[in-house]
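Asker: Sequence:
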Amino acid sequence: MYVPFENLPEESKIWIYQSNRKFSDAEFSEIETDLQAFLENWAAHGTSLVSSYQLKYNRFIILAVDQDVQTATGCSIDSSVEFIQSLEKKYNVDLLDKMNVTFKLGEHIAHKPLIDFKKMVKDKAVTENTIVFNNLINNIQEYNESWEVPAIDSWHSRFF
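Residues 23 to 182 in the working numbering are what the sequence shown spells out, letter by letter.
What the hints contain is simulated information worked out from the structure, not anything from laboratory work.
Please note: incorrect hints may appear among the correct ones.
[What the hints assert, rightly or not] Using C-beta positions, here's what the derived DEER-type ranges look like:
no. : residue 1 : residue 2 : range
1   : E32       : K140      : 30 to 36 Å
2   : F182      : H130      : 18 to 24 Å
3   : T69       : D175      : 34 to 40 Å
4   : I174      : Q76       : 23 to 29 Å
5   : L127      : W177      : 15 to 21 Å
6   : E32       : I106      : 22 to 28 Å
7   : S70       : A48       : 28 to 34 Å
8   : D119      : Q58       : 23 to 29 Å
9   : H67       : W177      : 31 to 37 Å
[Said to hold, decoys possible] The calculated DSBU-like cross-link candidates involving lysine-lysine, where the alpha carbons are at most 35 Å apart (straight line), are:
no. : residue 1 : residue 2
10  : K112      : K78
11  : K44       : K141
12  : K126      : K44
13  : K35       : K126
14  : K78       : K120
15  : K141      : K112
16  : K141      : K120
17  : K111      : K35
18  : K112      : K134
19  : K78       : K44
20  : K141      : K78
21  : K134      : K35
22  : K78       : K144
In this text, a Cβ means the ideal position worked out from N, Cα and C, and glycines have one as well.
Turn these sequences into a full structure, and let the hints guide you.
Answerer: Put into structure tokens, the structure is as follows:
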């Protein structure tokens with residue numbers, strides 16, 4: 023069951039998928055329609071999941087579930103991954119590769135393989151203060167507080 027993102031409690035579980043390229047506004051509009059349809063029918067063991075999404079920077083898809091109402095189970099998580107895989111095929115993008123880093127270069131959102139990001143650190147093209155997207159966070163509270171942070175305050179700090 024879809025609900026507005028801001029209506030979910032802060033402890034709601036989230037999953038963040040980053041695209042290896044920026045989506046067009048038209049693509050993001052289509053994705054939004056597909057997401058709402060998916061979330062309206064998303065269930066765990068026959069019980070609707072109270073869920074929502076956010077689309078950010080024409081690059082990120084954030085799914086959220088209020089686990090106090092119904093916990094997302096293995097099968098329901100699998101169905102969400104299958105949905106994300108269908109978006110990958112439809113738009114010819116990579117949304118599931120966790121070995122990529124997305125970060126801000128001024129107002130631009132950059133996306134690089136981890137090995138290239140490490141090289142940029144070595145070359146001082148990015149610094150400890152570079153804003154990175156910490157996609158390892160687990161809930162809405164962490165998303166609000168720790169998703170866009172200086173690299174030194176995230177798992178990326180190990181490269182400095």
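Asker: If a hint holds in the structure, say so; if it doesn't, say that too.
Answerer: How the hints compare with the structure:
no., hint, result
1, E32 / K140: 30 to 36 Å, "holds (33 Å)"
2, F182 / H130: 18 to 24 Å, "holds (21 Å)"
3, T69 / D175: 34 to 40 Å, "holds (37 Å)"
4, I174 / Q76: 23 to 29 Å, "holds (25 Å)"
5, L127 / W177: 15 to 21 Å, "holds (19 Å)"
6, E32 / I106: 22 to 28 Å, "holds (24 Å)"
7, S70 / A48: 28 to 34 Å, "holds (30 Å)"
8, D119 / Q58: 23 to 29 Å, "holds (25 Å)"
9, H67 / W177: 31 to 37 Å, "holds (33 Å)"
10, K112 / K78, "holds (19 Å)"
11, K44 / K141, "holds (23 Å)"
12, K126 / K44, "holds (13 Å)"
13, K35 / K126, "holds (25 Å)"
14, K78 / K120, "holds (18 Å)"
15, K141 / K112, "holds (32 Å)"
16, K141 / K120, "holds (18 Å)"
17, K111 / K35, "holds (25 Å)"
18, K112 / K134, "holds (22 Å)"
19, K78 / K44, "holds (10 Å)"
20, K141 / K78, "holds (27 Å)"
21, K134 / K35, "holds (26 Å)"
22, K78 / K144, "holds (29 Å)"
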